[in-house]
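Visitor: As a plain string of letters, each chain reads:
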Amino acid sequence: MNRRKFLSYCMKGGVSVAALTQLQLQAFQGSLSYNFDDHKALVCVFLFGGNDSLNMLVPLEGEQRTLYEASRQNLAVTDALQLSPVTEFAGGVGLHPAMGSIKNIFDNKNLAFISGVGSLIVPTSKADYQNESVPLPKHLFSHNDQQATWMHGREKVSLNSGWGARLLERLEQGGSFVNNISLSGTNPWQTSVNLTPFSLHRSGVSKINPINGTGNRASHVKSLMNRVLAQSTHPLASAYGIKMQNAITNTEAMNSAIESSVDLSNYFSDSSLSQQLHTVAKSISVRETLNAKRQIYFVSMGGFDTHDNQLTTHPALLGALSQSLSEFNTAMSSLNANDDVTLFTMSDFGRTLTSNGDGTDHGWAGNQIIMGGAVNGGEIYGSLMTQHLDGPNDTRGGRLIPQVANEQYFASLAQWFGLDNTELVDIFPNLTNFNSHTLPFMRS
Amino acid sequence: MFARYVYIILIASLITGCGGGTEAEEQVPEPIISDSDNGGGSGSDGDGEGSGDDSGGSNNDSGNDSSDEVKAPVIAIKLDSNTFKQGEIVKVNVEVSEQGTQQVSFVWEQLSGPEIALTTTDSLEFTASNNSTALDEKYHFLVTVTNSAGLSTQQEVRFSVLKNMNDAQASRLLHQASLGPTYNEILAVAGKSYEQWLDEQFNLPITYHSPLIESFPDRDEPNQINRIDAWWKASLNAEDQLRQRVAFALSEIFVVSDLNTSLSGEPEGMAAYYDILLQHAFGNYRDLLEQVTLSPVMGVYLSHLGNEKADPERNIRPDENYAREVMQLFTIGLNELNLNGTNKQDENGEIIPTYGQTEIEGFAKVFTGWTFAYSARWSRPSRNYTLPMQAFEDYHSSAEKTLLNGEVIPANTSAEQSLEIALDNLFNHDNVAPFISKQLIQRLITSNPSPGYVERVAMVFNDNGEGIRGDLAATVKAIYLDNEARGLGTPLAYFGKIKEPLLKTVQFWRVFNAKTLNNRYYTWNLPSTYGQGPLQSPSVFNFFRPDYQPGELADTELVAPELQIANDAALVGIINTHYADLVWRVAERHNELNENSLYLYMQEDHDLINMNGLSAVLDKYDLLFFAGNMSQEMRQALIDMDEFFASRDSYQRISNIVYLISISPEFTLQQ
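Protein chains in written order, with the numbering used here: chain P, 1 to 444; chain W, 445 to 1115.
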């Protein structure tokens, strides 16, 4: 029985969607069996447009600073906040001054950076790139394709899936929609053949008006809606009908759980990202009610495609991002969930070191943020790259070749989340091309 | 019946070399050819003057009085009409006069039109076909009548078979080709042929959006919501529905957005951009591409406005944004395509990229030196968002520019010349026809067109039959008239597409005449309620990608782009929106109407259910919402839905029936 028939069968019989996907998933298990008693959550903050993340961590003095200023010209960051990572770097390293609100989290060792990370298939030198002597990710510098490599965690294949979805499936946690929640719509990271994220409105609760209430009218309308939604045999119409039925079932279940959540509104401000993280926090607060063991959340922030006016827009974006992260960190502490929740960033790509006048273009390598009680914080992992135009890692125009594959970054998170070391390469196939599969930024 | 006979009388005489210039003349000795050319004025369009025609016969040849010389036959063609409907009997009859008892023979020859079995008698008779294609059939015959003396007369006859739509066919076409038909529109279109309706639509005056923008009463300048209000007014009321529908489709290919961008402060510019799409929807794709490229709104959105040539001193190089997206999204896409829209493969079976970084840098240089029209200086832009951008040579790259297929613009070519060369280079790439044709088919007709369908449309895009490339009217016509679109031949089990949430609402608002008392459509939160709003995509990649495959279809080859925005939150939003519109906002259920609130009006259907009962309403809705294809299961569900409300007021009955239709998969699928 395929999923569609199975679903339609369950709908007629009134079996809950959560139960049915759990059963269905048994076909997608790996060789190992997983069973968790504790709760962990991964919160992905996707920075859409390609964050100029090389400008989040900048050299402060000496030759590195000179090279940086020569490359960046009018877009060079001044007045950076000095960081003292465990590893020292020539020229020192400063945090973008707009990101002050996460500096103390870094100092308290609950936040780390991974540097020089990007999509890579094999370790790639400048000569490799120029001679095309190694396989390169397809469609470098293209927004949606590079977003896809971050979300898929592997090169494009005919039947693709997101690494978040693969991770849940492999850990046998895909069965319940509460484990796969998006505050920012459908996205490839959480999508696979069997999984689609449950979309939660950022206000948290979504009433379904036609079937709201307990009277005869509501139950009559509901039974007819369910009947009609299960009726079509056309593949597209049927896919729509299944999505509708799932939306109704899932929303009702989530509504009743979130209504019992702790009031966290004092911790969060009004920005879109803060509101999304607020709802993530509320949902995490009812993790026991939801019986959630392993959850992945997707939130996002847009506007990072700073082709122009970067001097004004980028600091504002980084400021809002840092503020929201800081609020979330406090809220997690209040729930005593800090050690169980890890937040991390992804973005399309880093940007060019060169300016196009008042902005930057699509680049490649960049820096990312990891935050949470389980993070070996106060450190910069990977490779803090020289911001050197035409330097050793510059393909051209200041598009730097990553020194860490994003799959290594993801594997480190997946390992903390509970995936066995032996199964990392099943989820991230290009890891076999790299000596180390993970970086030590998570406490095990 | 009401036949107006068409007599074409021909008096023959033994004139040699009466050069008619048609190809038939050398076939018979001394033929005399008359072209009955019905369209040309001699036929039935003569408003009953047919009987007058034969007077020409009697007085035409005064030399026939007492002579014994043998004459060629005098013939007249009798035809019931010069247009026929499907299924009608077409009968062409030749009447021969003044031949006495002489034997004459008849030879029929078909010069154009679908092949018909020919006879050797004085009449040609066949049943006008009704299922082969949706194209009107234009027939052209030549009949030669020869008498025993071997003298011949020839005559041509032309007529058409129109593919008139019945009610259901009209409804189906209008679901594909308008923003959602009303009942009266369906009835008005039924009886016309597909081509007639399309041609009518092509020729209607354009309903532009800019003139429909009204500022708030107390403001001089319009707000973002005022241009969305204009979009609603045009979508709900415009006669040129096909153009509005195609422009909406184009707005999802040539994407600009004022959602969370600085363009939200430029409603007049946004409306002017939409007007470009409307203006060129049936024009040439090359012109559309140029107008889009030079639009300051696009220039701001993809940042080629104000883009400068390289300045190595300052490590500044041209912005690559538009260069990349114009190739990836507006013209050729990432991979080399076959004419049928499938990917080409190299000898290793790998896809072939259409461009690399070199071409991106080449095009990036092309798109330098452009800023707002009427800017006094480069550094003092006018911020005119409605006129095409103008070039400043000093800021345009004078370097060599590498384009597609190895074409190079030589150094020191001007900004305007470079642009023309570059857009021609894009326009003439082999990918454009399949890339654009397939996306238009997906936006208008079906998510999964067969390769053959794409190829047939792409061929028309490449050549409209008159050697012109990029004719969008011809392309649109080919899209709608194709057998796959019309459901002729073997239908595909997966034919059709999921209706976009915004367009579902437009139909309900059109059907039930949604309006506010002050005639304003201030729909503030379209993207958060529907997941989409006009020119409000979250990125240049549109609300959904043409190759999006939802998990539910993962074990198939099928895509369903519109389901990319069908996430749980949006679906619940759509349920609530339809419910609010169709149940809560019914004007007749309110004692007092609020000036600023939107209401739907259901009096007509309310009367229908009270006078003629539920089945009359369901019959009407079958045609109106399902193009006559409502399944028995759907009908039964609506009957059962009504059972609960039958004892209540009839507005609730209508409301709840329509609400259930609105969320049903059967209605949500456009077929």
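Do not take every clue at face value.
Straight-line alpha carbon distances no greater than 20 Å define the calculated PhoX-like cross-link-like pairs of lysine-lysine that follow [to be verified]: (1) Lys535/W / Lys582/W; (2) Lys156/P / Lys788/W; (3) Lys677/W / Lys959/W; (4) Lys515/W / Lys529/W; (5) Lys529/W / Lys677/W; (6) Lys138/P / Lys788/W.
Worth flagging that the hints you see were computed from the coordinates, not collected in a lab.
Visitor: All the hints need checking, so say for each whether the structure fits it.
Guide: So, going through the hints one by one against the coordinates:
Annotation: proposed proximity of Lys535/W to Lys582/W holds, straight-line Cα distance about 15 Å (limit 20 Å). Simply put, Lys156/P and Lys788/W have alpha-carbon atoms about 17 Å apart, close enough for the 20 Å limit, and the pair holds. Straight-line distance between C-alpha atoms of Lys677/W and Lys959/W comes to about 10 Å, which keeps the hinted pair within the 20 Å bound. As the CA atoms of Lys515/W and Lys529/W are separated by approximately 38 Å, the hinted pair breaks the 20 Å bound.
For the hint linking Lys529/W to Lys677/W, the alpha-carbon distance of about 36 Å lies beyond 20 Å, and the restraint is violated. Among the hinted pairs, Lys138/P with Lys788/W is consistent with the structure: their alpha-carbon atoms are about 16 Å apart, no more than 20 Å.
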